[in-house]
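A.B. asks: Listed below, chain by chain, are the residues.
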Amino acid sequence: MTATSETRIGQDILAALRAKMPHAVTEERWQTNDQVTITVKLNSLPDVVRTLYYEHDGWLSTMVGNDERSINGTYALYYVLSMEGAAKCHVVVHTEISPDSLEFPSVTPSVPAAVWYEREVRDMFGLRPVGLPDERRLVLPDDWPDDLYPLRKDSMDYRFRPEPTEDNENYRFVNDAKQETTVVPLGPLHITSDEPGHFRLFVDGETIIDADYRMFYVHRGMEKLAETRMGYNEVTFLADRVCGICGYAHSVAYASSVENALGIEVPARAQAIRAILLETERLHSHLLNLGLVCHFTGFDSGFMQFFRVREKAMTLAEMLTGSRKTYAINLIGGVRRDILGEQKAATLALIAELRAEVTRLLDILMSTPNFAGRVANVGRLDPQIARDYSPVGPVVRGSGHRRDTRADHPFAGYKLVGLPVNTQAGCDILSRTQVRIAEFYDSIDLIERLLDAAPGGPILTEGFTYRPHRFALGYTEAPRGEDMHWSMTGDNQKLYRWRCRASTYNNWPVLRYMLRGNTVSDAPLIVGSIDPCYSCTDRVTIVDVNKARARTIAYKEMERYCRDRTNSPLK
Amino acid sequence: MLKLLKEVFRTGEATHLYPFAPLEVAKDFRGKPEHNPAQCIACAACTIACPPNAIGMETDPVAGTRTWSISYGRCIFCGRCEESCPTGAIRLTPDFELAVARKEDLTKRAVFKLALCPCCGEPVAAAREVDYVATILAGPDATPDQLARTRELASTCPDCKRRNDVDLLIRMGIERQMEKRI
Chain A
0 MTATSETRIG QDILAALRAK MPHAVTEERW QTNDQVTITV KLNSLPDVVR
50 TLYYEHDGWL STMVGNDERS INGTYALYYV LSMEGAAKCH VVVHTEISPD
100 SLEFPSVTPS VPAAVWYERE VRDMFGLRPV GLPDERRLVL PDDWPDDLYP
150 LRKDSMDYRF RPEPTEDNEN YRFVNDAKQE TTVVPLGPLH ITSDEPGHFR
200 LFVDGETIID ADYRMFYVHR GMEKLAETRM GYNEVTFLAD RVCGICGYAH
250 SVAYASSVEN ALGIEVPARA QAIRAILLET ERLHSHLLNL GLVCHFTGFD
300 SGFMQFFRVR EKAMTLAEML TGSRKTYAIN LIGGVRRDIL GEQKAATLAL
350 IAELRAEVTR LLDILMSTPN FAGRVANVGR LDPQIARDYS PVGPVVRGSG
400 HRRDTRADHP FAGYKLVGLP VNTQAGCDIL SRTQVRIAEF YDSIDLIERL
450 LDAAPGGPIL TEGFTYRPHR FALGYTEAPR GEDMHWSMTG DNQKLYRWRC
500 RASTYNNWPV LRYMLRGNTV SDAPLIVGSI DPCYSCTDRV TIVDVNKARA
550 RTIAYKEMER YCRDRTNSPL K
Chain B
0 MLKLLKEVFR TGEATHLYPF APLEVAKDFR GKPEHNPAQC IACAACTIAC
50 PPNAIGMETD PVAGTRTWSI SYGRCIFCGR CEESCPTGAI RLTPDFELAV
100 ARKEDLTKRA VFKLALCPCC GEPVAAAREV DYVATILAGP DATPDQLART
150 RELASTCPDC KRRNDVDLLI RMGIERQMEK RI
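These protein sequence lines map, in sequence, to chains A and B. With numbering that gives the first Met the number 0 applied, the first sequence closes on residue 570, and no number is skipped along the way. With numbering that gives the first Met the number 0 applied, the second sequence closes on residue 181, and no number is skipped along the way.
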């Protein structure tokens with residue numbers, strides 16, 4: 000908005016791109032100093048994305064499909080690339096698709112990270128990625144009507160639910176194994192994850208040869224809901240509910256996307272409070288994951304201890320926000336509650352207790368003899384696979400990549416304080432756990448430093464002007480990695496389009512590679528190491544391809560096998 | 000193992016007596032919103048502010064009533080209703096024990112009378128809201144006569160207002176004045 004040509008970051012990247020492909024870019028629009036949207040010709044889309052991704056240290060953050068027929072007569076795609084080379088910025092590659100052809104050249108063959116996004120945009124808008132190897136649906140159920148595309152503006156009411164036509168799962172799971180394998184389905188309600196998901200493990204004996212999975216059984220249609228039923232200001236509260244654990248990160252990401260789009264300046268104190276609360280959320284989330292790592296390695300007393308200590312982080316959230324879940328604190332333009340002097344003192348006391356208690360517990364955990372054996376060299380995520388698929392958070396940092404939105408693209412209060420990026424080169428569950436441990440201590444330091452560095456002053460900007468059809472990105476580093484939101488305002492005090500991408504969405508596609516070569520009993524532990532949200536209502540199905548039979552194992556049994564590693568349910 | 004035992008003994012009892020003893024919540028904890036119908040003017044500001052549509056309002060023109068309702072099953076305890084209320088009729092309490100035996104008991108209602116238009120007799124707005132507006136418009140120094148007059152104006156429906164204005168213009172004979180000028 001107020002960006003001038005001297006202060007804009009990323010111009011060199013665009014210049015290099017124009018030099019390489021002189022006729023590809025037709026327009027460039029700057030949303031903020033470090034956010035630019037370039038419009039490219041449809042046919043050069045894969046080349047542009049590939050060049051930015053592999054030649055300029057780009058990572059694919061999200062992809063947004065948009066039905067802009069009522070604005071300019073076309074469908075639009077926005078590939079959001081986080082540039083993490085010398086010039087750290089976001090480059091959004093925009094292209095227009097004619098409603099007559101509905102086709103676009105797929106980016107996936109040149110940048111594998113785009114695969115889920117392109118499958119989703121085909122489901123939701125009916126835009127066909129030409130050349131995408133994976134023809135299966137991603138988000139919609141397999142018996143969803145063929146010509147009903149939920150996110151098209153003229154397709155359906157947000158409350159419409161087509162009747163299911165059949166009870167059987169007919170999704171085709173992909174198996175790349177060369178030899179004969181046995182199929183072990185985990186699901187339809189999934190193991191260790193809040194979202195039910197259906198996993199198929201293809202095993203040879205006890206070794207996992209390949210894995211495939213089906214998610215989105217509980218797609219809540221939040222984007223449609225936000226675009227139709229709610230005003231743009233109320234969506235902040237809906238964004239809280241995206242996740243039951245890291246909801247505040249979504250709320251901050253959404254609020255800052257609208258703030259960036261409308262050019263609203265958020266007061267420095269509000270920015271600092273947002274960062275403090277984000278770190279509070281990270282404290283309780285990482286303690287939860289550390290507890291669950293204990294649980295899945297059969298160390299249940301450790302699990303109990305971590306959850307007991309985690310309660311202090313919940314108390315902290317309750318004191319600072321009035322809700323155990325840091326909910327309902329953001330508004331567009333700032334926050335609703337200040338941190339008062341007495342709260343600051345109580346916060347410092349609480350995090351000092353947390354630091355001491357967690358240090359003792361970690362000492363116990365690390366000296367538990369069978370712990371390292373269960374997590375070292377298990378669930379390896381190869382750094383090159385990570386580079387190709389753009390995973391986020393502790394998953395990518397555990398494979399040696401220095402990616403942290405807080406450091407790469409400082410937002411909210413992180414501009415006030417510098418922070419270290421913790422990486423580990425082990426690529427296994429141990430590395431990811433160590434990254435989380437280091438980040439736990441960083442969060443405590445950050446809260447202390449932010450409480451000191453937070454300037455006084457107002458906490459909310461009011462009286463801004465809502466302008467139609469403005470769009471921008473908003474992002475946060477949630478405990479599980481980068482959350483990316485893209486919002487476009489409408490002309491009716493609502494959003495025209497809200498694209499919300501949670502961190503785990505980027506981590507699922509690499510899970511397949513992490514499972515390969517491990518044993519079945521490690522599967523729940525590996526799934527747990529990407530820290531999806533957990534649930535215990537799951538059950539597991541086992542299909543033996545060699546003997547052509549299928550059976551279902553209760554999730555509890557699978558989890559027990561992961562802990563005890565005796566009496567294999569496969570036998 | 001020894002370290003763990005030490006930690007267990009150091010911790011002692013980690014659980015609370017709840018529900019046999021009350022559970023302390025933080026100061027300014029956001030719990031169940033309590034509605035005070037005596038202060039409510041049924042202006043519907045909270046129904047618009049409520050993100051999950053937990054608060055709603057329904058008008059029954061035949062019965063001449065407007066029913067305000069809140070569903071605690073939908074409420075997300077954000078407190079936007081409290082912020083938007085002009086009379087402080089809804090406040091969040093620290094109460095978090097919302098379980099009920101029947102689903103219907105999660106919804107609380109308050110019924111308000113509608114003010115009728117003094118000209119056509121059709122319902123206009125909640126009677127309390129009309130009173131509230133009239134008191135503000137008339138100002139603190141208004142005589143009872145002035146107040147009654149403002150209240151009548153405030154409760155006239157838009158259609159009748161338009162018709163009354165036309166009648167007034169006719170009585171003023173504005174067209175004759177215009178002819179004179181020409």
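No lab work stands behind these hints: they were computed from the structure. Some hints here could point you the wrong way.
[As the list claims (entries may be wrong)] No farther apart than 27 angstroms at their CA atoms in a straight line, the calculated lysine-lysine pairs in the BS3-like style are these:
1. A/Lys311 <-> B/Lys26
2. A/Lys311 <-> B/Lys112
3. A/Lys152 <-> A/Lys223
4. A/Lys324 <-> A/Lys177
5. A/Lys493 <-> A/Lys152
6. B/Lys112 <-> A/Lys324
7. B/Lys112 <-> B/Lys160
8. A/Lys343 <-> A/Lys311
9. A/Lys311 <-> B/Lys5
10. B/Lys160 <-> A/Lys311
11. A/Lys324 <-> B/Lys31
12. B/Lys31 <-> B/Lys102
13. B/Lys26 <-> B/Lys112
14. A/Lys343 <-> B/Lys26
15. B/Lys160 <-> B/Lys31
16. A/Lys223 <-> A/Lys414
17. A/Lys152 <-> A/Lys177
18. A/Lys324 <-> A/Lys311
19. B/Lys107 <-> A/Lys324
20. A/Lys87 <-> A/Lys324
21. A/Lys324 <-> A/Lys223
22. A/Lys19 <-> A/Lys87
23. B/Lys26 <-> A/Lys324
24. A/Lys40 <-> A/Lys87
25. A/Lys40 <-> A/Lys152
A.B. asks: Give a verdict on every hint.
C.D. replies: Status of the hints after comparison with the structure:
Distance hint between A/Lys311 and B/Lys26 is fulfilled; the C-alpha atoms sit about 16 angstroms from each other, no more than 27 angstroms. Among the hinted pairs, A/Lys311 with B/Lys112 is inconsistent with the structure: their alpha-carbon atoms are about 49 angstroms apart, more than 27 angstroms. For the proposed pair A/Lys152 and A/Lys223, the alpha carbon gap of about 9 angstroms is at most 27 angstroms, so the pair holds. A threshold of 27 angstroms between alpha carbons decides the hint, and for A/Lys324 with A/Lys177 the separation of about 47 angstroms lies outside it, so the pair is violated.
Between A/Lys493 and A/Lys152 the CA atoms are separated by roughly 14 angstroms; this keeps the pair inside 27 angstroms, and the hint holds. In summary, the hint linking B/Lys112 to A/Lys324 is not supported, as the alpha carbons are separated by about 39 angstroms, beyond the 27 angstroms threshold. A threshold of 27 angstroms between alpha carbons decides the hint, and for B/Lys112 with B/Lys160 the separation of about 22 angstroms falls inside it, so the pair holds. Among the hinted pairs, A/Lys343 with A/Lys311 is consistent with the structure: their alpha-carbon atoms are about 15 angstroms apart, no more than 27 angstroms.
A C-alpha spacing of about 20 angstroms is found between A/Lys311 and B/Lys5, which places the hinted pair at or below 27 angstroms, so the restraint holds. As the CA atoms of B/Lys160 and A/Lys311 are separated by approximately 61 angstroms, the hinted pair breaks the 27 angstroms bound. At roughly 16 angstroms between alpha-carbon atoms, A/Lys324 and B/Lys31 fall within 27 angstroms of each other, so this suggested pair holds. With a C-alpha separation of about 16 angstroms, the suggested pairing of B/Lys31 with B/Lys102 holds against the 27 angstroms cut-off.
With a CA separation close to 37 angstroms, the supplied pair B/Lys26 and B/Lys112 exceeds the 27 angstroms bound. Straight-line distance between C-alpha atoms of A/Lys343 and B/Lys26 comes to about 14 angstroms, which keeps the hinted pair within the 27 angstroms bound. Annotation: proposed proximity of B/Lys160 to B/Lys31 is violated, straight-line Cα distance about 42 angstroms (limit 27 angstroms). Only pairs whose Cα atoms come within 27 angstroms are accepted, and A/Lys223 paired with A/Lys414 is rejected, the gap being roughly 33 angstroms.
Taken as a hint, the A/Lys152 and A/Lys177 pair is broken in the structure, with Cα atoms around 45 angstroms apart against an allowance of 27 angstroms. Taking the CA atoms of A/Lys324 and A/Lys311, the gap is about 13 angstroms. The hint holds against a cut of 27 angstroms. For the proposed pair B/Lys107 and A/Lys324, the alpha carbon gap of about 26 angstroms is at most 27 angstroms, so the pair holds. Our distance criterion of 27 angstroms between C-alpha atoms is broken by A/Lys87 and A/Lys324, whose separation comes to about 32 angstroms.
Distance restraint check for A/Lys324 and A/Lys223: the Cα-Cα separation of roughly 24 angstroms lies within the 27 angstroms cut-off, and the hinted pair is therefore satisfied. Restraint check for A/Lys19 and A/Lys87: satisfied, since their Cα atoms lie roughly 20 angstroms apart, inside the 27 angstroms limit. Restraint check for B/Lys26 and A/Lys324: satisfied, since their Cα atoms lie roughly 15 angstroms apart, inside the 27 angstroms limit. Between A/Lys40 and A/Lys87 the alpha-carbon distance is near 25 angstroms, which keeps this suggested pair within the 27 angstroms criterion.
With a CA separation close to 24 angstroms, the supplied pair A/Lys40 and A/Lys152 stays within the 27 angstroms bound.
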